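**Student:** Start from the sequences and build out the full structure, keeping to the hints where you can.
Chains as they are written, first to last, in the UniProt record's numbering: chain A, 1 to 90; chain B, 1 to 458.
Hints are computed from structural coordinates only; laboratory data are not their basis. Watch out, some of these pointers could steer you wrong.
To be verified - Beta-carbon label-pair distances, calculated as ranges: (1) 242(B) x 11(A): 51 to 59 Å; (2) 75(A) x 207(B): 33 to 41 Å; (3) 372(B) x 39(A): 13 to 21 Å; (4) 86(A) x 376(B): 19 to 27 Å; (5) 25(B) x 63(A): 45 to 53 Å.
Said to hold, decoys possible - Below, a sample of chain B positions facing chain A; criterion: calculated Cβ distance under 10 Å: (6) 131; (7) 247; (8) 248; (9) 250; (10) 261; (11) 323; (12) 354; (13) 366; (14) 368.
Computed from a prediction, not measured in an experiment: that's the story for all the values here. All C-beta atoms, glycine included, are put in the ideal place defined by N, C-alpha and C.
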Amino acid sequence: MKPAPFSLTFDGRRLTALPGQSIAAALWSAGILAWRTTRHGGAPRGAFCGMGTCYDCLATVNGRPNQRACLLPARPGDTVTTQEGTGHDG
Amino acid sequence: MTADLAVVGAGPAGLAAAVTAAGRGLDVTLLDAAERPGGQIHRHPARGPVPRPVRRLTRRLRGVTHLPAHHVWTVVRDGDTWLLHCVAGPDEAPATVRARAVLLATGAYERQLPFPGWTLPGVVGAGGAQAMLKGGLALPGRRVVVAGSGPLLLAVATTLAAAGARVPALVEAADYTAYARRLPALVRNPGKLAQGALHGGSLLRHTTRLLTRHAVTAAHGTRRVEAVTVARLDADWRPVPGTGRRVPCDVLAVGHGLVPQLELATGLGCATRRTPDGTPAVAVDGRQRTSVPGIWAAGETCGVGGAELARTEGEIAALCVAGDASAALARRRARLRAFADAMAAAHRPRPGWTDWLDDATEVCRCEEVTAGRVRHAVAELGALDARTVKLLTRAGMGWCQGRVCGQAVARLAGEDPAPDRRPLSCPVPLSQLAHLPEAGPEAGPAPEAPAPEAPGAE
Numbered sequence: 001m002k003p004a005p006f007s008l009t010f011d012g013r014r015l016t017a018l019p020g021q022s023i024a025a026a027l028w029s030a031g032i033l034a035w036r037t038t039r040h041g042g043a044p045r046g047a048f049c050g051m052g053t054c055y056d057c058l059a060t061v062n063g064r065p066n067q068r069a070c071l072l073p074a075r076p077g078d079t080v081t082t083q084e085g086t087g088h089d090g
Numbered sequence: 001m002t003a004d005l006a007v008v009g010a011g012p013a014g015l016a017a018a019v020t021a022a023g024r025g026l027d028v029t030l031l032d033a034a035e036r037p038g039g040q041i042h043r044h045p046a047r048g049p050v051p052r053p054v055r056r057l058t059r060r061l062r063g064v065t066h067l068p069a070h071h072v073w074t075v076v077r078d079g080d081t082w083l084l085h086c087v088a089g090p091d092e093a094p095a096t097v098r099a100r101a102v103l104l105a106t107g108a109y110e111r112q113l114p115f116p117g118w119t120l121p122g123v124v125g126a127g128g129a130q131a132m133l134k135g136g137l138a139l140p141g142r143r144v145v146v147a148g149s150g151p152l153l154l155a156v157a158t159t160l161a162a163a164g165a166r167v168p169a170l171v172e173a174a175d176y177t178a179y180a181r182r183l184p185a186l187v188r189n190p191g192k193l194a195q196g197a198l199h200g201g202s203l204l205r206h207t208t209r210l211l212t213r214h215a216v217t218a219a220h221g222t223r224r225v226e227a228v229t230v231a232r233l234d235a236d237w238r239p240v241p242g243t244g245r246r247v248p249c250d251v252l253a254v255g256h257g258l259v260p261q262l263e264l265a266t267g268l269g270c271a272t273r274r275t276p277d278g279t280p281a282v283a284v285d286g287r288q289r290t291s292v293p294g295i296w297a298a299g300e301t302c303g304v305g306g307a308e309l310a311r312t313e314g315e316i317a318a319l320c321v322a323g324d325a326s327a328a329l330a331r332r333r334a335r336l337r338a339f340a341d342a343m344a345a346a347h348r349p350r351p352g353w354t355d356w357l358d359d360a361t362e363v364c365r366c367e368e369v370t371a372g373r374v375r376h377a378v379a380e381l382g383a384l385d386a387r388t389v390k391l392l393t394r395a396g397m398g399w400c401q402g403r404v405c406g407q408a409v410a411r412l413a414g415e416d417p418a419p420d421r422r423p424l425s426c427p428v429p430l431s432q433l434a435h436l437p438e439a440g441p442e443a444g445p446a447p448e449a450p451a452p453e454a455p456g457a458e
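**Tutor:** Written out as structure tokens, the structure reads:
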């Protein structure tokens with residue numbers, strides 16, 4: 001039996017994820033490649049190393065900034081938002 | 001409770017060691033940062049099919065205390081035993097394991113060499129793209145150029161193509177004919193040859209162009225990668241002028257081989273050696289003992305060599321902890337090590353790659369430090385080593401602690417990369433440090449030394 005997909009949101013947009021997918025995998029599957037802007041240049045960034053080493057994929061998940069999206073399992077109802085800078089600026 | 005053996009890392013080496021030691025009656029605790037065993041190479045989705053090599057080992061994990069989602073951030077001596085301090089689970093709860101012996105099987109991560117445009121979304125690590133595909137069933141795009149150096153690229157291109165991506169080009173900086181000069185090692189490893197042929201066959205079916213002695217020297221795009229420049233390289237990996245051409249793509253999967261993950265070992269003061277590709281690795285003897293009594297190491301952390309070598313080393317280490325040895329395993333290790341050394345030498349990054357960088361290229365992704373600033377620190381401010389460059393520019397001081405840019409910054413400063421030295425192997429909540437009984441881990445200097453014995457010697 002295939003596991004049932006569930007939904008989460010990214011910047012208010014509803015996405016579908018599969019059980020076991022990381023946040024980054026769910027975003028990639030929805031065609032989203034960037035979910036952070038850098039502290040100095042404001043440049044877009046997303047997953048790079050894909051295995052928790054590079055910290056480029058930091059996102060704000062359920063209000064908590066600096067979560068490694070490539071490691072964090074997606075859960076039903078998660079609210080993911082683009083992290084600006086350090087994630088503590090707002 | 002004190003375990004006879006704590007194994008750090010549940011990849012091929014750690015799993016093989018844990019089941020072998022448990023089979024000899026030892027009380028084993030297996031700790032791993034991931035939720036599911038298998039390591040990076042055998043990543044698999046939750047509730048999805050478990051890869052066969054993992055299943056074969058996990059079936060025998062009964063009797064082993066497996067602690068998933070436990071990231072060991074330091075190992076410290078406590079009398080006759082070792083204390084492994086961990087950050088556990090998504091809530092970063094503190095956990096501690098006590099053991100009489102420790103096996104470090106912490107694996108490796110991907111080496112990256114920067115180039116203009118490599119910070120664009122859609123440029124991803126080759127190993128990372130594969131891990132995301134295996135573990136998350138996700139592809140970042142449909143038209144994927146695979147580039148860099150090393151045997152992993154063939155596997156990545158094959159995996160991506162099999163998942164429905166179009167791989168217009170596989171761009172390898174080294175020259176596979178370099179393997180021919182090391183033929184004896186290849187001839188003794190028929191399994192590896194077959195694997196290579198298999199990759200070649202399925203790639204052909206998916207119409208991938210294989211370009212050796214070439215590199216992606218720039219990625220182009222505004223909000224994401226839209227194309228890459230592929231150029232021919234000379235023997236030192238300098239781009240040959242006038243050979244660059246543009247290849248449209250929506251993803252670039254790039255990597256220059258793997259480098260051993262060393263923090264826990266260097267934190268303990270374990271001696272390191274340099275592998276034929278110039279990378280530091282934990283030095284071990286013929287029975288996988290490090291220079292620190294009571295600490296063993298196995299798998300990629302002792303030098304990158306693939307899953308079969310990792311399993312072999314894991315078994316050798318576990319037998320040694322149990323007071324046993326196997327001549328057959330030692331012979332297999334020697335054979336696989338010879339092959340790994342030949343591969344490492346063939347794919348060693350040549351110095352000319354720094355010509356790919358323009359001054360605006362960000363070398364340190366975390367701190368957004370450009371090649372121009374690093375070069376300024378070296379040429380104008382007199383920095384003679386990577387450490388001084390770091391102090392002057394902040395290159396390597398960001399979230400990743402130089403894991404991604406360390407190799408590149410060392411090269412720009414004119415040195416070979418030094419063994420990683422990070423007192424904490426992952427971010428640790430301050431409250432956990434505050435609650436440690438003592439001041440904290442000793443980050444003793446790790447001597448760099450040749451391996452105590454020739455590989456495979458008994």
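**Student:** Give a verdict on every hint.
**Tutor:** Each hint, compared with the structure:
1. At roughly 44 Å, the beta carbons of residue 242(B) and residue 11(A) sit outside the given window of 51 to 59 Å.
2. Separated by about 39 Å at the C-beta atoms, residue 75(A) and residue 207(B) satisfy the suggested range of 33 to 41 Å.
3. Under the hint 13 to 21 Å, the C-beta atoms of residue 372(B) and residue 39(A), about 19 Å apart, fit the expected range.
4. Checked against the hint of 19 to 27 Å, the pair residue 86(A) and residue 376(B) passes, with Cβ atoms roughly 26 Å apart.
5. A hinted range of 45 to 53 Å holds for the C-beta pair residue 25(B) and residue 63(A), which are about 49 Å apart.
6. Hint status for residue 131(B) relative to chain A: holds, with the closest Cβ pair at about 5 Å, below 10 Å.
7. Checking residue 247(B) against chain A: minimum C-beta separation of about 19 Å lies over 10 Å; hint violated.
8. Hint status for residue 248(B): violated, given a least beta-carbon distance of 16 Å to chain A, over 10 Å.
9. The criterion of a C-beta within 10 Å of any C-beta in chain A is met by residue 250(B), whose closest approach is roughly 9 Å, and the hint holds.
10. For the restraint placing residue 261(B) at the interface with chain A, the shortest Cβ-Cβ distance is roughly 9 Å, inside the 10 Å limit, so the hint holds.
11. Given the 10 Å rule on beta carbons, the hint for residue 323(B) is violated: about 35 Å separates it from the nearest Cβ of chain A.
12. Contact between residue 354(B) and chain A, as hinted, is not supported at the beta carbon level, the nearest pair being about 20 Å apart and thus beyond 10 Å.
13. The beta carbon of residue 366(B) comes within 7 Å of a beta carbon in chain A, closer than 10 Å, and the hint placing it at the interface holds.
14. At about 5 Å, the closest approach between the beta carbon of residue 368(B) and any beta carbon in chain A falls short of 10 Å, and the interface hint on this residue holds.
In summary, the structure is inconsistent with hints 1, 7, 8, 11 and 12 from the numbered list given earlier, while agreeing with the others.
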